[in-house]
Amino acid sequence: MTFSHFVRRAHLYMGLFLLPWVIMFGVSSIPLNHVASQVPPTWTQVAEHRFAAALPGAGENLRPLGREMMNAAGVDGGYFVNRANPQQVNVNHPHFLAPVRIIYYADESRLTVEHRSFSTRQFITGLHFRGGYDMGGFWDSVWALFVDIVSVALLLWIATGVYMWWKLPSTRRWGWLALASGGMCFAVIIARL
Amino acid sequence: MFSRLVRRTHMYLALFLTPWIAAYAVSTIAMNHRTARPAAFVKEHEQIYTNAFEPGTPPREIARQILSDLNLEGAFGVQGPAPDGRLTINRQGMLSPRRITFTPADRRLVVERQDLETSGFLNRFHRRRGYQQPYAADLAMAASVDAVIVALVFWALSGLWMWWDMRATRFWGAACVAAGIGIFTFFVLTI
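Residue numbers (the numbering used here), protein chains in the order written: chain A, 1 to 193; chain B, 1 to 191.
Looking at chain A on its own, in the form it has when it is part of the complex:
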């Protein structure tokens, strides 16, 4: 196998393997770029538990309490945690299809578990926004790894694409024109923003 052959095959197979992510990142950018008024999602309470845990002090790490809340609600996986007010801590488990919200009312020693109704728009944008290694779920971190893989693949597609273009001398003139005009448009837009 020659280097050129290897480059072509890598470009192709990488693209075929990551096809769902490429389409997803493209399609999920549509609602982000074309903002429309939307009905707020509906949350339905599905459970309520007695729960008592010490609230961390202001500025202290809320994640251990968040994990306790997840365990008490019987939910596995990654989560975000925030303090809505001095007596209320919210945990969001951003499942793509069925997100869960857990709310701890410390002054009432009460924990509620809510499910969000399915919304196509939020499902699609949820796929786009999900990322990061700090959610605490194993598969969430594997998804984050795939986000990194897609990003590196984009850079490799550029590198291998430029290489393949350069190997086609008959396309060089128009290729240079496309590359230079793209670079100029990009630079002008960024400088003017």
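No wet-lab data here; the hints were simulated from the structure.
Because the structure is a prediction, the values reported are computed rather than measured.
Accuracy of the hints is not assured; some may be wrong.
[Said to hold, decoys possible] Every beta carbon over 12 Å from chain A, so not counted as near; a handful from chain B, in silico: (1) R34; (2) S119; (3) L139; (4) A178.
[As the list claims (entries may be wrong)] Residues of chain B placed beyond 10 Å of chain A at every Cβ, according to the derived structure: (5) D69; (6) G77; (7) R113; (8) R129; (9) V145; (10) T185.
[As the list claims (entries may be wrong)] With the Cβ distance kept under 7 Å, some of the chain A side facing chain B (calculated, not the full set): (11) I30; (12) P31; (13) Q38; (14) P41; (15) L145; (16) I149; (17) R192.
We treat Cβ as the ideally placed atom computed from N, Cα and C, and that holds for glycine.
Since chain A is already given, all that's left is putting chain B on it; use the hints.
Then chain B, alone, in the frame of chain A:
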């Protein structure tokens, strides 16, 4: 002939959009690793602003006029008025965002700037989108985002076409497609 057209469009579109794809790739890595840190504003200058506004003028209109007088027109957001009448204008510059604070009581205008910093810039670039702002550069950016969207879908579909055209790659190509779809579906159902 059709195959050749598909191949050339795939390639020239990619060459044209190279800067956007590179910037989205690098900014995605930065965001996936949470590299952004709050950037501090440094005072650029302070001045007395003498223009007066009719009572009841909407804050956004006041902000637009102030930015115009400062030669800083462009996408912005405005907060306030605060109880003391203070308006805070966030000029959403891509390279150097600015914060302009106008205090009507003493007609003081303070202009602050964030210095260019790589992770902040990448974050701003990645999040810049939409047709809400009326400025030409913002509309051009939103149009370029749409171009990237169309291109991503086109590259996926034209890639499938070109793969199917090469008989020798069909087996391993099908294996890659099946593995990718399988893993993606697993994630959608699981997390």
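To see whether the hints hold, each was checked on the structure:
For R34 (chain B), the non-interface assignment is contradicted: its Cβ lies about 6 Å from the closest Cβ of chain A, within the 12 Å cut-off. No beta-carbon of chain A is positioned within 12 Å of the beta-carbon of S119 (chain B); the least distance is around 14 Å. L139 (chain B), annotated as away from the interface, has a beta carbon of chain A within 12 Å; the closest lies near 10 Å. Here A178 (chain B) does not stay apart from chain A, with its beta-carbon only about 9 Å from theirs, under the 12 Å limit.
Against chain A, the non-interface label of D69 (chain B) holds: every CB pair exceeds 10 Å, the least being about 19 Å. Against the 10 Å criterion, G77 (chain B) stays outside the reach of chain A, whose nearest CB is about 14 Å from its own CB. Every CB of chain A is more than 10 Å from the CB of R113 (chain B) (nearest about 15 Å), matching its label as outside the interface. Here R129 (chain B) does not stay apart from chain A, with its beta-carbon only about 5 Å from theirs, under the 10 Å limit.
Not every CB of chain A is more than 10 Å from the CB of V145 (chain B) (nearest about 5 Å), against its label as outside the interface. With a least CB separation of 8 Å from chain A, T185 (chain B) falls inside the 10 Å interface cut-off, contrary to its annotation. Using the Cβ-Cβ criterion of 7 Å, the hint placing I30 (chain A) at the interface with chain B is satisfied: the shortest such distance is roughly 6 Å. A cut of 7 Å between beta carbons decides the hint on P31 (chain A): the least distance to chain B is about 10 Å, and the hint is violated.
For the restraint placing Q38 (chain A) at the interface with chain B, the shortest Cβ-Cβ distance is roughly 14 Å, beyond the 7 Å limit, so the hint is violated. Nearest Cβ of chain B to the Cβ of P41 (chain A): about 18 Å, over the 7 Å cut. The hint is violated. Of the supplied interface hints, the one on L145 (chain A) is violated, with its beta-carbon coming no nearer than about 9 Å to a beta-carbon of chain B, more than 7 Å. Violation of the interface hint for I149 (chain A) is found here, the shortest Cβ-Cβ separation to chain B being roughly 10 Å, above the 7 Å cut-off.
A hinted interface residue such as R192 (chain A) counts as satisfied when its beta carbon comes closer than 7 Å to some beta carbon of chain B; here the least separation is about 4 Å, so the hint holds.
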